[in-house]
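Place chain B on chain A using the hints.
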Amino acid sequence: MTLFQLAWKNVVGSAFRSWVVYLCVLLVTGLLFSFALLIGGTRDSLRLVQQRLGADVVVVPEGTETEIESALLMGHPVTAWMPRENEIKIARVPGVRTVSPQLYLASLANAPCCTAEMLVMAFDPRTDFTIAPWLGQHLGHSLSAGEAVGGSDVFVPYGEEHLRIYGSEIDLVGSLERTGTGLDTALFLTFETAYEVAENSRTEAIRPLEIPPESISAALVRVEPGIDPRVAALQIMNEVPGVTAIPASGLFQGFRRQIGGLLQGMLALLGIASALSLAIVGLIFSMAVNERRREIGVVRALGATQGEVLRALFAEALILALGGGATGILLAATVLYLFRDLIVVSLAMPFLFPPLPSLIALVGGGLVAGCAGVGLAVLFPVVRASCLDPAVAMREQ
Amino acid sequence: MRVLAVLIMILAILIGVVPQFFNCQYDGKTLVLANGREVPMKCYWTARAALIIAVPLLAVGFMMAFTRRVQTVRVLGVLGAILGVMAILLPTLLIGVCQHTGASCSLVMKPALILAGILVIVVSLASVAVSGRRVEQAP
Numbered sequence: 001m002t003l004f005q006l007a008w009k010n011v012v013g014s015a016f017r018s019w020v021v022y023l024c025v026l027l028v029t030g031l032l033f034s035f036a037l038l039i040g041g042t043r044d045s046l047r048l049v050q051q052r053l054g055a056d057v058v059v060v061p062e063g064t065e066t067e068i069e070s071a072l073l074m075g076h077p078v079t080a081w082m083p084r085e086n087e088i089k090i091a092r093v094p095g096v097r098t099v100s101p102q103l104y105l106a107s108l109a110n111a112p113c114c115t116a117e118m119l120v121m122a123f124d125p126r127t128d129f130t131i132a133p134w135l136g137q138h139l140g141h142s143l144s145a146g147e148a149v150g151g152s153d154v155f156v157p158y159g160e161e162h163l164r165i166y167g168s169e170i171d172l173v174g175s176l177e178r179t180g181t182g183l184d185t186a187l188f189l190t191f192e193t194a195y196e197v198a199e200n201s202r203t204e205a206i207r208p209l210e211i212p213p214e215s216i217s218a219a220l221v222r223v224e225p226g227i228d229p230r231v232a233a234l235q236i237m238n239e240v241p242g243v244t245a246i247p248a249s250g251l252f253q254g255f256r257r258q259i260g261g262l263l264q265g266m267l268a269l270l271g272i273a274s275a276l277s278l279a280i281v282g283l284i285f286s287m288a289v290n291e292r293r294r295e296i297g298v299v300r301a302l303g304a305t306q307g308e309v310l311r312a313l314f315a316e317a318l319i320l321a322l323g324g325g326a327t328g329i330l331l332a333a334t335v336l337y338l339f340r341d342l343i344v345v346s347l348a349m350p351f352l353f354p355p356l357p358s359l360i361a362l363v364g365g366g367l368v369a370g371c372a373g374v375g376l377a378v379l380f381p382v383v384r385a386s387c388l389d390p391a392v393a394m395r396e397q
Numbered sequence: 001m002r003v004l005a006v007l008i009m010i011l012a013i014l015i016g017v018v019p020q021f022f023n024c025q026y027d028g029k030t031l032v033l034a035n036g037r038e039v040p041m042k043c044y045w046t047a048r049a050a051l052i053i054a055v056p057l058l059a060v061g062f063m064m065a066f067t068r069r070v071q072t073v074r075v076l077g078v079l080g081a082i083l084g085v086m087a088i089l090l091p092t093l094l095i096g097v098c099q100h101t102g103a104s105c106s107l108v109m110k111p112a113l114i115l116a117g118i119l120v121i122v123v124s125l126a127s128v129a130v131s132g133r134r135v136e137q138a139p
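Line by line, the protein sequences give chains A and B.
Residues in the first sequence are numbered consecutively from 1, following our numbering.
Residues in the second sequence are numbered consecutively from 1, following our numbering.
Be careful, since some hints might not be right.
[Stated by the list, open to error] With beta-carbon atoms standing in for the labels, derived distance ranges:
hint : chain 1 : residue 1 : chain 2 : residue 2 : range
1    : B       : Arg68     : A       : Val156    : 31 to 37 Å
2    : B       : Val39     : A       : Pro241    : 40 to 46 Å
3    : A       : Leu376    : B       : Gly28     : 34 to 40 Å
4    : B       : Leu93     : A       : Pro355    : 46 to 52 Å
5    : B       : Val78     : A       : Pro355    : 33 to 39 Å
6    : B       : Val78     : A       : Ile272    : 39 to 45 Å
[To be verified] Heads up, incomplete: computed chain A residues facing chain B, CB under 7 Å, no partners named:
hint : residue
7    : Asp153
8    : Phe155
9    : Leu338
10   : Phe339
11   : Asp341
12   : Leu342
[Said to hold, decoys possible] Straight-line C-alpha distance at most 20 Å; calculated SDA-like pairs for lysine to any residue:
hint : chain 1 : residue 1 : chain 2 : residue 2
13   : A       : Lys89     : A       : Pro247
14   : B       : Lys42     : B       : Gly102
15   : A       : Lys9      : A       : Ala315
16   : B       : Lys42     : A       : Gly159
17   : B       : Lys29     : A       : Tyr22
18   : B       : Lys42     : B       : Val6
19   : B       : Lys29     : A       : Tyr158
20   : B       : Lys42     : B       : Val32
21   : B       : Lys42     : A       : Glu160
22   : B       : Lys42     : B       : Leu58
23   : B       : Lys42     : B       : Ile95
24   : B       : Lys29     : A       : Glu160
25   : A       : Lys9      : B       : Arg133
26   : A       : Lys9      : A       : Glu291
27   : B       : Lys29     : A       : Leu342
28   : A       : Lys9      : B       : Gly102
29   : B       : Lys29     : A       : Pro157
30   : A       : Lys9      : B       : Gly132
31   : B       : Lys29     : A       : Gly159
32   : B       : Lys29     : A       : Val345
33   : B       : Lys42     : A       : Pro157
34   : B       : Lys42     : A       : Tyr158
35   : B       : Lys42     : B       : Gln25
36   : B       : Lys42     : A       : Val156
37   : A       : Lys9      : A       : Tyr22
38   : B       : Lys29     : A       : Lys9
Hints are computed from structural coordinates only; laboratory data are not their basis.
In this text, a Cβ means the ideal position worked out from N, Cα and C, and glycines have one as well.
Chain A extracted, bound-state conformation:
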């Protein structure tokens, strides 16, 4: 009989004990894996939004930072305006290389003139660096009037050929990659199309789309190489009144703080659950080893070395740790994958399920953490059992 077979027989032989240890490990690794996946998914999602915006500094009307960040992250409609002349003023600030204005609009909810409620982001194709690189790569041309690209969750309703925004028909010519944020439900079109839609809305929509003349919602800024975006942001705020300039590194700070608090709470719960579960595992192993002192004594008397007993007991723990860990991770990954949209909506946090290589690394890490935790929990009882004197152990009742 091999070491593994002996350990397996012990696992199957004491079913109740094995089930309790298995479920404890399942709980610990499942929680650890979910927590790591949530943190990683949120971080990836925020990074992707920043990459998609492609800006070193985002300039918004003073006092609207939270609303605009919320619009970018969660797709909540926002109305924020500042004079278009700010674009020229920002461009004159030393260190600023490119300025691209954007309009943030909202389509109507539950209205026959609009397909669905969504954030509509209009950009100036002459200066844009947010959508232009994607258009060049995937479409090979810029957007014409009446055309738009959407986030991954924007679709043309079944049985229709166009999207309807304020009564205007818009051709959806492409879909951007998923970011796990509100940008997935946003529609991107040019200034020209936005002004056309606003004009048509006076006669075609149940409510006209109002775009104040000579106004923009935000300006995305790229700075010259070697210029610190934080310094550029301070200079913009000094020279352009009525705006807030947010360097890319400072974007979504409020959200990061909010999510940090939530994650700390989750971490505390995770710590308590893990500590309790591992304590139960240690206790159960301790009880199991005590019950089997005579059996261990017999095995030792038959010639098994101290190391062999130690390895057999560790193999038993490892089988349960691997089984429980793999099940916990599989279950957590399935639940998080299936309910990823619900997580985004109910926790109001961006979340992107990680790509396969990162997922494999996380699974590996989760299994190692599960095995290490169980190994630590059973270390004391297992070592104590392996050190038993066979003669003393066999004499015990």
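Positioned in the frame of chain A, the structure of chain B alone reads:
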């Protein structure tokens, strides 16, 4: 075996109940036709069809809890697994749910049916495996 049978019954109840409260019709949303008539969206029909899977699955779990014949357990296990597959196919291929990702049918009903379907398959196959082991252990 009884534990597995109870699990199947719990999952059957979830498959039957959850879709009834997470569909667009329940949320007061309907499809308005060109003639002004309002018709239910397809997630409503998925919710109705889920009942057709839930009831026999509940019966499978109930019978599994009280039968002692290994052959019967095996047949019930296979039947349970097939019903689990159907629970997955309903919101994905057979009928589907609404395209809008923010709708409750997309957010809750579809993932819940898929998850419950996967668990029903796993539990049903586990019951087949356990019944097979009982046969091996029998004198």
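Evaluated hints:
no., hint, result
1, Arg68/B to Val156/A: 31 to 37 Å, "violated, 57 Å"
2, Val39/B to Pro241/A: 40 to 46 Å, "violated, 55 Å"
3, Leu376/A to Gly28/B: 34 to 40 Å, "violated, 54 Å"
4, Leu93/B to Pro355/A: 46 to 52 Å, "violated, 25 Å"
5, Val78/B to Pro355/A: 33 to 39 Å, "holds, 36 Å"
6, Val78/B to Ile272/A: 39 to 45 Å, "holds, 42 Å"
7, Asp153, "holds, 4 Å"
8, Phe155, "holds, 5 Å"
9, Leu338, "holds, 4 Å"
10, Phe339, "holds, 5 Å"
11, Asp341, "holds, 5 Å"
12, Leu342, "holds, 5 Å"
13, Lys89/A to Pro247/A, "holds, 17 Å"
14, Lys42/B to Gly102/B, "holds, 15 Å"
15, Lys9/A to Ala315/A, "holds, 11 Å"
16, Lys42/B to Gly159/A, "holds, 14 Å"
17, Lys29/B to Tyr22/A, "violated, 45 Å"
18, Lys42/B to Val6/B, "violated, 31 Å"
19, Lys29/B to Tyr158/A, "holds, 16 Å"
20, Lys42/B to Val32/B, "holds, 13 Å"
21, Lys42/B to Glu160/A, "holds, 17 Å"
22, Lys42/B to Leu58/B, "violated, 24 Å"
23, Lys42/B to Ile95/B, "holds, 7 Å"
24, Lys29/B to Glu160/A, "holds, 19 Å"
25, Lys9/A to Arg133/B, "holds, 15 Å"
26, Lys9/A to Glu291/A, "holds, 16 Å"
27, Lys29/B to Leu342/A, "holds, 19 Å"
28, Lys9/A to Gly102/B, "violated, 50 Å"
29, Lys29/B to Pro157/A, "holds, 15 Å"
30, Lys9/A to Gly132/B, "holds, 18 Å"
31, Lys29/B to Gly159/A, "holds, 18 Å"
32, Lys29/B to Val345/A, "holds, 19 Å"
33, Lys42/B to Pro157/A, "holds, 13 Å"
34, Lys42/B to Tyr158/A, "holds, 12 Å"
35, Lys42/B to Gln25/B, "holds, 9 Å"
36, Lys42/B to Val156/A, "holds, 17 Å"
37, Lys9/A to Tyr22/A, "holds, 15 Å"
38, Lys29/B to Lys9/A, "violated, 57 Å"
Hints 1, 2, 3, 4, 17, 18, 22, 28 and 38, counting from the list given before, are not met by this structure.
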